[in-house]
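K.L.:
Sequence:
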Amino acid sequence: MSGKIEPRTLKGFRDTMPVEASARNRMFRTIEGVFESFGYAPIDTPALEYEEVLRGKGGDESDKQMFAFEDQGGRRVAMRFDLTVPLARFVAEHQADLAFPFRRYHIGPVWRGERPQKGRFREFYQCDADLIGAVGPSADAEILTMYAGVFGALEVDGFVIRVNDRRVLNGLLEAAGVPDRAATVLRAVDKLDKVGPEGVRTELAAAGVPDGAVAKALEFAGCAGRDDAETLARMEALVGGSEKGRDGIAGLRTTLALVRSAGVDPARLRVDPAITRGLDYYTGVVFEAALPSATGFGSMGGGGRYDDLASLYTNTKLPGVGCSVGLSRLLEALVEQGRVAAAATGRGVLVTHPEQGDASAAFALASAVRRAGFAVEVYPEPRKHATQMKFADRKGLRFALTVDASGAVHGKDLRASAAFDAPDAARAVDELSRRG
RNA sequence: GUGGCCGUAGCUCAGUUGGUUAGAGCGCCGGACUGUGGCUCCGGAGGUCGGGGGUUCAAAUCCCCUCGGUCACCCCA
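Just so we're aligned, residue 96 is where the first sequence starts under my numbering, counting upward by one.
Check before you lean on any hint, since a few could be wrong.
To be verified - Keeping only pairs whose Cα atoms sit at most 25 Å apart, straight-line, the calculated DSS-like set for lysine-lysine is: (1) K490 / K507; (2) K339 / K485; (3) K159 / K289.
Hint data in this document are derived by calculation from the structure and do not stem from the laboratory.
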């Protein structure tokens, strides 16, 4: 190897092996299927944008993590760090051509230059769906129903979507006399699960938030009851006279009722006052999806309502609500749990390459078998038959077929370890169809 | 940006208190055998011991620096 260039990938960037890539593609199709069943249409946007379009839109952290550089023409450009900011630019730019309410989904990679660790990469896939140009519980409920539908369709056992509304805690803080500290408190409370009440108290005390407000926020965050009705009742008691807080609770009640009407399992989606989300732009309902069995992975996605995401690009008011699945992390968690298996469709067939003579009979047979719906590969070189069989075994193919000079086919069902013969290609196809 | 752990063949790792030509398993290539794979056996290729400097008669093994990886914090998907 000396003298060679070391084959390697950049920190936080990974290759995807066939098994994982296949699983990922299946998940893409599943998610697309759910989104489209709700009337959402796909869009795509460039990986690279003008830096000014992205800069400052996702908060300080996003700015620090953004891959930004100068292109060959001297322009400042940057790679998208999420799919929501490009959506805002997209909607503002194409307002005239879109029908509102606008429902779109977008699946693609995003890039963040942060320190990689377990379940966290510098390049990862997000699957977003957003409903732009509609306000109210019905829009929120649609997104939540669809989001639960996605995890259900992915057959991710044990997922939980926790829902809250930012107006409730914001209202509570207003009533406590610290409306301007909402962002700080929200972020600290968001960590309740991880650092515990004392941790949150310490962090907020250090940030100069009055003890009384901290106590109220903590009492609120810990008020989850046995079911949504109980939780909502407790939240309501805590917000007291705050109008904004009561609006939030009323919104949650209506949204939850609609979600239940749609048939979403209460065990999979429930109110949790401790959920706030870190992003600044959420203004109403917020939610987060988790896989409790995937310890150390963090959330698998989330979403919420934002009043006016596109205000930086246009004067038109464009409120929306959306959700996002962190597919790379979800896939990684499933891989770690051994829940990602090879496609194993039993449709794989190897047609051996003759050791002598040309491969025309093999090619003809391969085409015939493909037409019957099998995935057929012809071994590309005239190597020893045992080597070709070994390859079929190694790759996990279901069948191996050999054509002899007379056109007769000698096959083997590798899984059943059973040999069979057929007088011609047509009969060989019948044999495969019968077995596979 | 901060801290812990780790860096020996393609992969997973051994390498004793520093001491001759650095090893194993798997994988790979060739062969034997199995009537067309999975088992077994034989042979082979493949390593600047992350890199640089230092200590020493002698360093993969000790010290320093550096690069890389990983996990945690921060923040997030």
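K.L.:
Does each hint fit the structure? Answer for all of them.
P.N.:
Hints and how they fare:
1. K490 / K507: holds (15 Å)
2. K339 / K485: Not satisfied, since the Cα-Cα distance of roughly 69 Å exceeds 25 Å.
3. K159 / K289: holds (24 Å)
Hint check: a violation occurs at hint 2 only; the rest are consistent with the structure.
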